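Below, each chain spelled out in residue letters.
There are 2 protein chains.
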Amino acid sequence: MALYVQKFGGTSVGSIERIGVVADKVKSFRDQGHDVVVVVSAMSGETNRLLALASEISKKPTPRELDALVSTGEQVTIALLSMALNERGCPAKSYTGGQIKILTDSAFTKARIQHIDVDSIRSDLKTGKVVVVAGFQGVDPEGNITTLGRGGSDTTGVALAAALSADECQIYTDVDGVYTTDPRVEPRARRLDKITFDEMLEMASQGSKVLQIRSVEFAGKYNVPLRVLSSFTEGRGTLISLEDEDPMEQPVISGIAFNRDEAKITVLGVPDIPGVASRILGPVSAANIEVDMIVQNIASDKTTDFTFTVHRNDYDKVLKVVEQVAEDLGAREVKGDNTICKVSIVGVGMRSHAGVASKMFDTLAAESINIQMISTSEIKVAVVIAEKYLELAVRSLHSAFGLDSEPTEE
Amino acid sequence: MALYVQKFGGTSVGSIERIGVVADKVKSFRDQGHDVVVVVSAMSGETNRLLALASEISKKPTPRELDALVSTGEQVTIALLSMALNERGCPAKSYTGGQIKILTDSAFTKARIQHIDVDSIRSDLKTGKVVVVAGFQGVDPEGNITTLGRGGSDTTGVALAAALSADECQIYTDVDGVYTTDPRVEPRARRLDKITFDEMLEMASQGSKVLQIRSVEFAGKYNVPLRVLSSFTEGRGTLISLEDEDPMEQPVISGIAFNRDEAKITVLGVPDIPGVASRILGPVSAANIEVDMIVQNIASDKTTDFTFTVHRNDYDKVLKVVEQVAEDLGAREVKGDNTICKVSIVGVGMRSHAGVASKMFDTLAAESINIQMISTSEIKVAVVIAEKYLELAVRSLHSAFGLDSEPTEE
Numbered sequence: 001m002a003l004y005v006q007k008f009g010g011t012s013v014g015s016i017e018r019i020g021v022v023a024d025k026v027k028s029f030r031d032q033g034h035d036v037v038v039v040v041s042a043m044s045g046e047t048n049r050l051l052a053l054a055s056e057i058s059k060k061p062t063p064r065e066l067d068a069l070v071s072t073g074e075q076v077t078i079a080l081l082s083m084a085l086n087e088r089g090c091p092a093k094s095y096t097g098g099q100i101k102i103l104t105d106s107a108f109t110k111a112r113i114q115h116i117d118v119d120s121i122r123s124d125l126k127t128g129k130v131v132v133v134a135g136f137q138g139v140d141p142e143g144n145i146t147t148l149g150r151g152g153s154d155t156t157g158v159a160l161a162a163a164l165s166a167d168e169c170q171i172y173t174d175v176d177g178v179y180t181t182d183p184r185v186e187p188r189a190r191r192l193d194k195i196t197f198d199e200m201l202e203m204a205s206q207g208s209k210v211l212q213i214r215s216v217e218f219a220g221k222y223n224v225p226l227r228v229l230s231s232f233t234e235g236r237g238t239l240i241s242l243e244d245e246d247p248m249e250q251p252v253i254s255g256i257a258f259n260r261d262e263a264k265i266t267v268l269g270v271p272d273i274p275g276v277a278s279r280i281l282g283p284v285s286a287a288n289i290e291v292d293m294i295v296q297n298i299a300s301d302k303t304t305d306f307t308f309t310v311h312r313n314d315y316d317k318v319l320k321v322v323e324q325v326a327e328d329l330g331a332r333e334v335k336g337d338n339t340i341c342k343v344s345i346v347g348v349g350m351r352s353h354a355g356v357a358s359k360m361f362d363t364l365a366a367e368s369i370n371i372q373m374i375s376t377s378e379i380k381v382a383v384v385i386a387e388k389y390l391e392l393a394v395r396s397l398h399s400a401f402g403l404d405s406e407p408t409e410e
Numbered sequence: 001m002a003l004y005v006q007k008f009g010g011t012s013v014g015s016i017e018r019i020g021v022v023a024d025k026v027k028s029f030r031d032q033g034h035d036v037v038v039v040v041s042a043m044s045g046e047t048n049r050l051l052a053l054a055s056e057i058s059k060k061p062t063p064r065e066l067d068a069l070v071s072t073g074e075q076v077t078i079a080l081l082s083m084a085l086n087e088r089g090c091p092a093k094s095y096t097g098g099q100i101k102i103l104t105d106s107a108f109t110k111a112r113i114q115h116i117d118v119d120s121i122r123s124d125l126k127t128g129k130v131v132v133v134a135g136f137q138g139v140d141p142e143g144n145i146t147t148l149g150r151g152g153s154d155t156t157g158v159a160l161a162a163a164l165s166a167d168e169c170q171i172y173t174d175v176d177g178v179y180t181t182d183p184r185v186e187p188r189a190r191r192l193d194k195i196t197f198d199e200m201l202e203m204a205s206q207g208s209k210v211l212q213i214r215s216v217e218f219a220g221k222y223n224v225p226l227r228v229l230s231s232f233t234e235g236r237g238t239l240i241s242l243e244d245e246d247p248m249e250q251p252v253i254s255g256i257a258f259n260r261d262e263a264k265i266t267v268l269g270v271p272d273i274p275g276v277a278s279r280i281l282g283p284v285s286a287a288n289i290e291v292d293m294i295v296q297n298i299a300s301d302k303t304t305d306f307t308f309t310v311h312r313n314d315y316d317k318v319l320k321v322v323e324q325v326a327e328d329l330g331a332r333e334v335k336g337d338n339t340i341c342k343v344s345i346v347g348v349g350m351r352s353h354a355g356v357a358s359k360m361f362d363t364l365a366a367e368s369i370n371i372q373m374i375s376t377s378e379i380k381v382a383v384v385i386a387e388k389y390l391e392l393a394v395r396s397l398h399s400a401f402g403l404d405s406e407p408t409e410e
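Sequence order for the protein chains is A and G.
Those letters in the first sequence? Residues 1 to 410, by the UniProt record's numbering.
Those letters in the second sequence? Residues 1 to 410, by the UniProt record's numbering.
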């Protein structure tokens with residue numbers, strides 16, 4: 001008998017019929033004797049409908065009122081799902097973020113959870129009820145309704161699982177797990193039975209959009225086993241947890257992540273003096289542009305070359321900012337390229353295996369793919385290459401690191 | 001400088017455009033220096049949309065969850081109206097029933113208000129804010145969301161006005177006040193400048209649907225001056241308050257109310273023994289049928305005739321119930337008629353004027369209208385007549401009691 005927190009997203013509860021499917025699924029867990037806490041998002045389309053109403057009223061709606069407005073979306077779903085469960089003879093009770101007391105700070109539209117009061121959930125579970133909680137929302141110390149920002153329902157699920165010391169937080173979504181890479185690029189990609197928090201974080205930040213990064217961070221921090229499953233098909237999904245104790249069990253590489261929407265900017269001939277990096281990146285971040293990779297070459301001739309990448313949408317904006325800065329700095333030239341992409345290999349196994357990076361470079365070289373930038377972490381090697389080589393790079397790496405083989409069934 | 005509670009119903013906030021009109025109206029009061037607390041309903045159609053979702057899930061949805069669901073309707077409106085006010089430079093803050101703590105009992109879908117915590121409203125008003133409160137909803141001592149039942153937003157408005165000792169509770173609706181009778185029946189009907197709580201209660205219970213009876217009772221009990229106005233046109237509306245101290249100021253009759261949807265049932269030849277009335281009406285009320293007028297004639301021959309009226313929709317159902325009862329009682333016969341109507345004259349002035357009832361009967365006799373039943377209260381005389389005479393009766397009484405004349409402007 002376990003305690004599960006199960007989170008269902010907007011498409012999983014997008015219609016009365018689908019809410020019924022979710023109710024059946026939850027009931028089947030309950031019937032097996034498990035305790036179940038369900039976290040739901042707004043029905044798909046509802047949040048956008050509400051935001052559209054607000055934008056008809058104001059270009060910059062009051063954030064406090066925006067949260068009061070948007071939070072009704074999840075409230076509708078918790079009530080409907082609880083009704084559907086009760087209708088199936090499975091006693092259920094709904095809670096808004098304010099009712100269960102998901103305490104957050106007062107940063108409207110992007111609040112962070114500070115504490116969850118689980119007493120009422122525990123006593124409901126004891127009486128055999130399924131508890132249905134509105135995701136994405138909370139309440140600040142003054143009782144104002146807050147929201148956690150888009151995708152925040154995953155965070156609600158993980159935070160609840162942590163507060164309740166749940167056995168597993170199950171995130172139901174429209175994919176049936178985490179894959180070695182995107183199956184649309186490499187048809188031989190396979191679902192991973194398990195992956196570590198760290199790997200999942202690297203996969204997510206490298207462009208694999210299965211889970212919100214924040215919820216994975218949270219799960220890792222509180223060691224909440226996270227399982228990604230499909231709400232439409234049966235299956236065991238992918239378990240995201242701490243790494244196995246026996247490093248021999250770890251595959252060297254778990255997956256290949258990639259990101260198409262990149263652009264790079266290089267400032268050539270920058271004087272090699274302290275503070276140059278911040279003098280270049282300060283104005284970029286002041287312009288609200290997020291920087292991804294940063295590379296600075298070893299100085300020669302008392303000047304250096306400084307390169308970084310940004311989201312492709314910010315390319316024109318960042319060029320303007322940097323050209324001004326380069327002039328001020330007396331740099332030689334600014335170059336940019338918005339036809340690049342990033343490909344990363346991710347795996348905790350690479351810690352104990354030398355030569356992973358060089359195997360990656362060899363593989364790309366064998367396909368005559370030129371590497372423009374390299375960035376590494378303990379469990380990741382990322383390279384920037386021309387966008388036209390993306391599929392070729394992903395497929396050849398997928399094969400070179402032995403990911404094409406059949407998954408081992410546990 | 002006064003404190004107004006202003007309540008706007010579903011049609012008044014039925015679109016973003018109309019919410020803008022309401023915001024303009026509220027702001028103009030605020031700009032005059034008045035304190036304003038606004039109570040709003042769900043946008044028209046929204047409550048029915050939510051109820052339809054629930055009925056797709058269950059024929060008998062869990063009442064607690066129904067309230068959690070339906071209460072989102074008003075929450076959307078308070079957020080949108082507050083945004084619209086802020087957008088106009090009129091600082092505003094929204095509160096759900098749970099946030100402001102409108103404490104109710106736990107009778108889901110038909111809860112009653114027990115207490116309102118007005119501290120946060122007062123401190124918001126002090127800082128110059130307009131306070132926007134969700135009507136129709138509250139929270140029980142356990143923190144469950146409750147609703148007051150249909151039309152409950154009027155009650156919220158009156159209860160808030162009472163708790164705040166407001167100078168006036170203004171109910172904005174789609175009519176511009178209370179009329180001497182329904183203008184669709186008598187085009188010479190005129191708007192009343194004022195009317196007493198008691199008269200309004202009789203008008204409402206006799207079929208005039210401007211306000212919910214419960215909110216009028218509430219206003220009378222706490223002596224909250226109530227004003228009915230149109231949210232679409234300018235005007236002073238009708239003030240509902242305690243009666244003037246000088247009875248000479250009171251018109252004899254304030255209005256003519258009527259109700260088409262009536263049916264009557266007569267049990268003839270009932271044994272005249274104690275307990276007969278309850279033996280007839282007990283099963284009727286057990287069948288959940290509401291009884292309106294009840295008349296029992298003086299006994300002759302040790303038997304009596306017993307007549308009562310019900311809503312026309314209940315006619316077939318009540319006949320079946322009563323025929324069984326009549327057989328058990330040994331009554332002679334059961335007769336029914338579902339082509340009747342009720343017409344009432346209402347006015348506090350009739351207390352001090354003899355002959356009002358006889359003037360009514362004379363007027364009807366002059367038109368050869370046969371009176372089938374009579375029922376009186378201190379400030380009302382109601383008669384049951386054949387439905388075909390309804391318009392004729394209303395018009396002749398309207399004229400006979402001098403209601404056709406022009407309203408006296410104050």
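Any given hint could be a false lead.
The calculated lysine to aspartate or glutamate pairs, modelled on EDC-like cross-linking and capped at a C-alpha distance of 16 Å, are [what the hints assert, rightly or not]: (1) Lys60/A x Glu87/G; (2) Lys60/G x Glu87/A; (3) Lys317/A x Glu290/A; (4) Lys59/G x Glu87/A; (5) Lys59/A x Glu87/G.
Honestly, the hints are just simulated from the structure, not real lab data.
Computed from a prediction, not measured in an experiment: that's the story for all the values here.
For each hint, the structure was consulted:
At roughly 8 Å between alpha-carbon atoms, Lys60/A and Glu87/G fall within 16 Å of each other, so this suggested pair holds. As the CA atoms of Lys60/G and Glu87/A are separated by approximately 8 Å, the hinted pair is consistent with the 16 Å bound. Of the pairs offered as hints, the one joining Lys317/A and Glu290/A holds, with about 12 Å between alpha carbons and a cut-off of 16 Å not exceeded. Taking the CA atoms of Lys59/G and Glu87/A, the gap is about 9 Å. The hint holds against a cut of 16 Å.
Of the supplied pair hints, the one linking Lys59/A and Glu87/G holds, its CA atoms being roughly 9 Å apart against a limit of 16 Å.
Violated hints: none; the structure is consistent with every hint.
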